[in-house]
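*Asks:* Given chain A, put chain B in place with the hints provided.
What follows is the residue order along each chain.
Protein chains: 2
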Amino acid sequence: MEKEIQFRIATEQDLDRIVEMLADDELGRKRERYEQPLPESYTKAYQAITSDANNELVVAYQGNEILGVQQITFTPYITHQGGWRATIEGVRTTSSVRGKGVGTELIKWAIQRAKERGCHLIQLTTDKQRVDALRFYERLGFKSTHEGLKMKLE
Amino acid sequence: MEKEIQFRIATEQDLDRIVEMLADDELGRKRERYEQPLPESYTKAYQAITSDANNELVVAYQGNEILGVQQITFTPYITHQGGWRATIEGVRTTSSVRGKGVGTELIKWAIQRAKERGCHLIQLTTDKQRVDALRFYERLGFKSTHEGLKMKLE
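Just so you know, the protein sequences line up as chains A and B, in that order. Sequence positions in the first sequence follow the working numbering and run 2 to 155. Sequence positions in the second sequence follow the working numbering and run 2 to 155.
Extracted from the complex, chain A is given alone in its bound form (with noise of 0.2 Å):
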């Protein structure tokens, strides 16, 4: 019988398995730096994300294997009278268990948290260039109302 699919948050002996993911994938490979020892800037980042109470990273897990990573972040904002939104950004999964919904276990898991920290509104921006990602997203509800517009800074 297969082990079921959890979730927690990760710890910093996680983080070399999240960037062999992060870099593993068509987009990653071109930005990320999955080297030993790993580029200290992951290092410095996991412990900003882990000392911040409103961004948590995530992974999903069966048994002592890490299967998928989100980062979720939690914000308040003035606007829609003064309510919470979480963002979701950095989802991958492990290639070898692409197309078996660990991906839709993540979402869901996320958009549960959003909902437990009071969140009217729970958002991610995705590259147009992976197509089947915008049609993942929006076969788990999301409507893709929005342009996200990013800018590159030196």
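Hints may be right or wrong, so weigh each one.
You can't tell identical chains apart in this list, so a pair holds if it fits in one copy or across any two.
Simulated crosslink set (DSS-like; lysine-lysine; CA at most 30 Å straight-line) [unchecked claim]: (1) K101 x K4; (2) K153 x K129; (3) K109 x K4; (4) K4 x K129; (5) K31 x K116; (6) K116 x K151; (7) K153 x K101; (8) K109 x K45; (9) K31 x K144; (10) K4 x K45; (11) K45 x K144.
These are computed hints drawn from the structure, not numbers from a lab.
*Replies:* Quick look at chain B alone, frame taken from chain A:
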């Protein structure tokens, strides 16, 4: 001679004027409640923003007059080698000065602030119903590379 537009972190005394601006907007009038006294949810959100070192509510002003508002959120991510991002949200200018460059100055200020905070990317989403807004951000150098997906939560 016209006074220069200046910028500062909003105080609680600015909140009434900020909500008035948010409500005086095509989409905002459907979802905000500009009433006296101001609904408590706005005050609570203001306090949550102010007590979070990674959130800044910024106003543009000239003399005693508030001309615009925006919120900037700074977020550490594991992606992009552990890079920080700035997210702009809730950008509004007072109707009497629309088209006079206050919005441009607000966004330029946010870009400068994002650089000071060491962000590698600045981002925002804009409702696809706001056709002029998309052009406005593209003129400022943003690229609409992403779909912005949202889901309302009960």
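*Asks:* Each hint should be assessed against the structure and marked as holding or not.
*Replies:* Status of each hint after checking the structure:
{"no.": "1", "hint": "K101 x K4", "result": "within (14 Å within a copy, 61 Å between copies)"}
{"no.": "2", "hint": "K153 x K129", "result": "both (17 Å within a copy, 22 Å between copies)"}
{"no.": "3", "hint": "K109 x K4", "result": "within (18 Å within a copy, 51 Å between copies)"}
{"no.": "4", "hint": "K4 x K129", "result": "neither (34 Å within a copy, 43 Å between copies)"}
{"no.": "5", "hint": "K31 x K116", "result": "between (34 Å within a copy, 23 Å between copies)"}
{"no.": "6", "hint": "K116 x K151", "result": "both (27 Å within a copy, 14 Å between copies)"}
{"no.": "7", "hint": "K153 x K101", "result": "between (34 Å within a copy, 26 Å between copies)"}
{"no.": "8", "hint": "K109 x K45", "result": "both (28 Å within a copy, 28 Å between copies)"}
{"no.": "9", "hint": "K31 x K144", "result": "both (28 Å within a copy, 19 Å between copies)"}
{"no.": "10", "hint": "K4 x K45", "result": "neither (33 Å within a copy, 43 Å between copies)"}
{"no.": "11", "hint": "K45 x K144", "result": "between (34 Å within a copy, 28 Å between copies)"}
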